[in-house]
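Colleague: Sequence:
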Amino acid sequence: MPESLRSFIALSQDTPLIVGPRRNPPIASPAPHTSTEISLLTSVGFKSISSDYYAAAACKLQPDIVVGMADIPFGQETIGTKRKDKMSDRTEAWMRDIIAKRNTIPKGDAKFEIFAPILPIERDLQSWYLEHLVDDMIDHISGVAIYDAYLLDGLPDELQRFPRLSFHVPASPQELLRQISLGVDLFTIPFITSATDAGIALDFTFPAPVNRTQDHRQSLGIDMWSTEHALSVTPLLEECACYACTKHHRAYIQHLLSAKEMLGWVLIQIHNHAVLDAFFAGVRTSIETGTFEEDVTAFEAFYEPQLPEKTGQGPRVRGYQFKSDEHSKPEKKNPKAFKKFDEETLLKAAHGQQPNEKPAMRDVIDDEALVGLVGMDMQGGEIQLENLKIEDDTKA
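If you use our numbering, the sequence shown corresponds to residues 7 to 402, in order.
Treat each hint with caution, since some may be false.
[Stated by the list, open to error] With a straight-line cut-off of 20 angstroms between C-alpha atoms, the simulated PhoX-like cross-links for lysine-lysine are: (1) K66 x K107; (2) K107 x K117; (3) K316 x K266; (4) K66 x K113; (5) K117 x K66.
Just so you know, the hints here were simulated from the structure itself, not pulled from any lab data.
Based on the provided sequences and hints, a complete structural model is requested.
Modeller: Shown next, in the form of structure tokens:
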């Protein structure tokens, strides 16, 4: 149908479409949840979404999998026992709502699968919810959504057979491997995008390479902001078959980042997804051959335990990357695109002289200082600058 989400975002038919009530990692909301609604950040600010609205949206959007709405108060350091009881009660009621709504879909129409959320609290405090999940809803669910992978051992035996989707944020591929060893099947992996935003091209394989001599652990990624790539015509990874590696080289991608061209981050993101695809293909093969535990040990010994630190400026910040309190601040979230220079500085820039006196930039021509000079008429040897207004980003 033309109104389905898959058609709207042009997602291929072979890619599972999963809809959940909150992004991962979540943004803490200033408004608390109620018995019928959760508060979350949308494209138009913080909004309250009711269980009925969420269930109706699931029927309208036609995803493959819908994660049940869960009452999880993100952003709180400690959660009291009474609040945990409410989490269990509300989540149980909201699961009944989504099941009832799906049952109204006419026969013959596509129906989504439901993954039941497992709360990140002790089993004893959500035992009432888990009992109802097993006794009354088990025939209506197809999987479970996990918010704390280390609580998987506490799942009732009846739920152990279901696929597990993890919303437990992994900080590194090593953390992914630990969750796999605990029994997680599907993942949300925010570090792909955070690495891309930092200009980091991921560089790891599973199992780890063999017959390579080294006296230190290998980095998990390549910092494309480093000037050592400015003249390199090699791909991000020699053995990678992704579009970025087969069509472009490091010097070009490094130039795009330096010029703040969004294409640079797009190419790195394409590459990073290819690296994770190959990583999970290697995991599946390792499990099939029965060498997974040995391969995990070798991987942890071969690679650094954390991704490289960010050294350069990322792309323009998007709304979901702010903390809740940052939305109320009046100042701009991104630096201004242009700088303010006086007439003498602009004349120097026009002759190729460096207008920026910072020692670290003396050998670099600031192209932004030349913006606005192209196409201006020369009259009597003087440049007409009356209508040129360029602002200083150091005051942003």
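Colleague: Hinted pair, alpha-carbon criterion (20 angstroms max): K66, K107. Please report holds or violated.
Modeller: 11 angstroms, holds
Colleague: For the pair supplied as a hint, K107 and K117, is the alpha-carbon distance within the 20 angstroms limit?
Modeller: Satisfied, since the Cα-Cα distance of roughly 11 angstroms is no more than 20 angstroms.
Colleague: With the threshold set at 20 angstroms, check whether the alpha-carbon distance from K66 to K113 stays at or below it.
Modeller: 15 angstroms, holds
Colleague: Quickly compare the C-alpha distance for K316 and K266 to 20 angstroms and report which way the hint goes.
Modeller: Holds. K316 to K266 sits at ~16 angstroms (cutoff 20 angstroms).
Colleague: Going straight from one Cα to the other, do K117 and K66 come out at no more than 20 angstroms?
Modeller: With Cα atoms ~11 angstroms apart, K117 and K66 stay inside 20 angstroms; holds.
The earlier numbered hints are all upheld by this structure, with none contradicted.
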